[in-house]
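Dock chain W against chain E, hints included.
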Amino acid sequence: MRLRLPSSRSSSRRRSSGRRAPIGRRATAAAVTAALALGLAACSSDGEEPLSDEALVIYSGRNENLVGPVLEKLEKATGVDVQVRYGSSSELAAQLLEEGDNTKADLFFSQDAGALGALGKAGRLEALYAATTGKVLEGFADPNSHWVATSARARVIAYDPAQAPEVTDMTSVDAVLDPRYKGKIGYAPTNASFQSFVTALRVAKGEAGAKKWLEDFKANEPKAYDNNILVLDAVDSGQVGLGLINHYYWYERVAEKGADAVKAKIHFLGSDDPGALINVAGVGILTGSNQRAAATEAVDYLLSKEGQQYFADETAEYPVTAGVQSTKHDIVPLSQLKGSSVDLNQLDSLEQTLALLDEVGLT
Amino acid sequence: MLLVPGLVTALVALLPIGYLLVRTAEAGPERVWEIVVRERTLTLVLRSLALAGTVTALSVVVGVGLAVLATRTNVPGRRLLAVTAALPLAIPSYVAAFAWISAFPSVSGFAGTVLVLTACCYPYVYLPVAAAMRRIDPAVEEVARSLGRSPWNTFWSVTARQLRPAAASGALLVALYALSDFGAPSLLRFDAFTRVIHASYRSSFDRTPAAVLSLLLVAITVAITVAEARTRRGSERARVGGGVARRPHTVGLGRLRWPAATLAVAVVTVALVFPIASLLYWFATGLSSGVDVPDLATSALNTFWFALLGAVLCTALAVPVGVLAARFRGRSTAVIEHASFAGHALPGIVVALALVFFGARVAQPVYQRTPLLVLAYAVLFVPAAIGAVRSAVTMSPVRTEEAARSLGSTPWQVLRRVTLPLAAPGIAAGAALVLLTCMKELPATLLLRPTGADTLATSLWTETGVAAYGAAAPYGLALVVLAVLPTLALMRSQRAGETDPS
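First to last, the sequence lines map onto chains E and W.
Quick note on our numbering: the first sequence kicks off at 1 and runs consecutively.
Quick note on our numbering: the second sequence kicks off at 364 and runs consecutively.
Pulled out of the complex, with its shape left as it was, chain E reads as follows (with noise of 0.2 Å):
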């Protein structure tokens, strides 16, 4: 039972002109503030800098640290007002599923391909003109013309030299199942380049044959780990012998503490062989853009021999167009290394090797 006793103005402010409790003011105070700042952050700018409609918005997979200097270059070479948001390409892949049609993204440059191939197959991409996308080597642009590599990579054995010194001999990937380097392997499963190499040895060897690769691998105890740059961690600090992974992460190392520091090194298997597939970081142009042009131009200077030049210079990955060559990393070009003749366009079939990995427990 409530009692409602008449709330006398008189009588209120009487009691008011007495001692307010100083929390209470303050408390008030903080209130308004937090109200005034809130408003405040919905109405200003905030020192962001607001999206011209003129200027091209690249939602960036990759680093900021390795392209982040390609794309200011980009930006003064064509004058286009490039705006980039950086995250990882699978969840800016996911967003821009989310996005759809209400997209600000014209450009989507993407670490690995499988990211671009499952935008492609949503729709989501633009066909590249044929001039773009006759640019770049054999076997380097998909063949919808979704999208284009503009750098390549390839996998290679990283291994401890104190432990496994005999890896520089080696030419097939089918070496790792050698029962002496059990529990000795580190192997990153949720990486897109690992799940490609996987499906090059199910396009090499048949959907059998990779299946008994993978159950000999799995019977090897490899040791997972949640992504490359933790693989060559666990070769360089002796945790296991030998690792699988793309060959720039070496180079990231040796930039980061100096090459008497790293004592992992890296071996080209040099040969016709899934352990040695050749991997693209690539670029396409989402459906709905307005920047069309702009974003083709945007293409254009990172397949240039500029834009390649820098890759093959800084970030130590293989250009993708002919007649370009590092000036700064001892890598034997493209063309040279008798890299896995897998085709690129074949590694699409990702979903049926997720079900393979998963069915044989390695994921």
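One or more hints might be untrue.
[As the list claims (entries may be wrong)] The calculated label-pair distances, taken between Cβ atoms and stated as ranges, are:
(1) L626(W) <-> G183(E): 33 to 41 Å
(2) A162(E) <-> A413(W): 54 to 62 Å
(3) A162(E) <-> T406(W): 51 to 59 Å
(4) R618(W) <-> G68(E): 55 to 63 Å
(5) T406(W) <-> D330(E): 57 to 65 Å
(6) E351(E) <-> A413(W): 29 to 37 Å
(7) A219(E) <-> L384(W): 48 to 56 Å
(8) V844(W) <-> D101(E): 38 to 46 Å
(9) G815(W) <-> D101(E): 22 to 30 Å
(10) A586(W) <-> D330(E): 53 to 61 Å
(11) D169(E) <-> A466(W): 29 to 37 Å
Calculated directly from the structure, the hints in this document are not laboratory data.
For glycine and all other residues, C-beta sits at the position ideal for the given N, C-alpha and C.
Frame of chain E, contents of chain W only:
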């Protein structure tokens, strides 16, 4: 009166679940069933529940222990302990996990994940319990002592009972965080349920399994929340007699002074000093080291600004629900409360994509601008604030409010001039908790931040993405430094609350 704001909060918190239902509805019921009953799914659910249970139990022990030590005993270095005990909240779990695994590779698997997650999460229990300790009425304990109970017995039968609501709300947050965290288990090579969700985004680019599994997480969350509410029922305590609540006296530990201090130092070392030392080590040995001062300053400013707005919005949304839950218990308030907690165990990426879905379709003008990011923080962290508000309000005596009503104040005036000021220390603790958590948030910030605006967490992520740990270290250290300010402010406000014999 409070029902409408409470409903608003519940609806905001339910945004991700709306998205999940939309995505799940696209798949047929057979596909959904097939995804749920896979053996791997069920195994991973059990593993994650085991992890959550262990981490929660340990966090409660550590959090309550440190809170008691810091507020009630004469352990040496009390003031320092009070500040440093809350700081591990500023360290992202993936930074701590990486620090541990790179220094001690054997710290992996279940044990390693428990260690790292407990170290990161115990402040969720410590902060509300410390705030509650300052509000406890010592008169009941004195009565128990005068009736012949030993200090230890008094603690268990009287003090601990009064701490139960605060500890339970903190424990709930720890459990849900342990379920939702992806960074630490993946780095420490522990196969948790979140791994499957992330794998479906990363590998198959198929959002349907992720949506279905996330709904499974929501179901588990609701079950845990209902269970926690049950344990709380009937354990709320507030002073009912006459007189004024006094400051509690400190307990002399005697011989146990230095052992207790050693224990406290050990906890703070594991949780705070070790990750900081690792960051300093990376800075010292990395060739990429160097402080890009303008970038660091901008990131720090952005971080603090976004986190401050997030904390303000969270607290504003949490106050109606907390007061409802504490004072106006009933079916509808229980539903609102559980609805607000339902999405709290979802991995950050799921909430982020839900807001992308919502923003790109419905809220275009604010998509990828500050307001939507702040809303994302609110969706993610409002349960933390609700728990703090609820505990704080239950600890305030109802009689004061009733007296105010009987003297003629309207319900709104009572709320503004009696309830909220009395609960202010606890609400401030909740706001500080949310502020610290917002500062280190990563997945939602990556997808929703204004293009070109970086926070310390995103800069840290960028640098570690190319193994440039030397360059990453300053951002991690800046996060900890930024966390000191709100923690200090909180300690000061609570000490001020102590001397004010309200």
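How the hints compare with the structure:
no. : hint                            : in the structure
1   : L626(W) <-> G183(E): 33 to 41 Å : holds (37 Å)
2   : A162(E) <-> A413(W): 54 to 62 Å : violated (38 Å)
3   : A162(E) <-> T406(W): 51 to 59 Å : violated (37 Å)
4   : R618(W) <-> G68(E): 55 to 63 Å  : holds (60 Å)
5   : T406(W) <-> D330(E): 57 to 65 Å : violated (47 Å)
6   : E351(E) <-> A413(W): 29 to 37 Å : holds (31 Å)
7   : A219(E) <-> L384(W): 48 to 56 Å : violated (42 Å)
8   : V844(W) <-> D101(E): 38 to 46 Å : holds (43 Å)
9   : G815(W) <-> D101(E): 22 to 30 Å : holds (24 Å)
10  : A586(W) <-> D330(E): 53 to 61 Å : holds (59 Å)
11  : D169(E) <-> A466(W): 29 to 37 Å : holds (34 Å)
Hint compliance for this structure: hints 2, 3, 5 and 7 are not met, and every other hint is.
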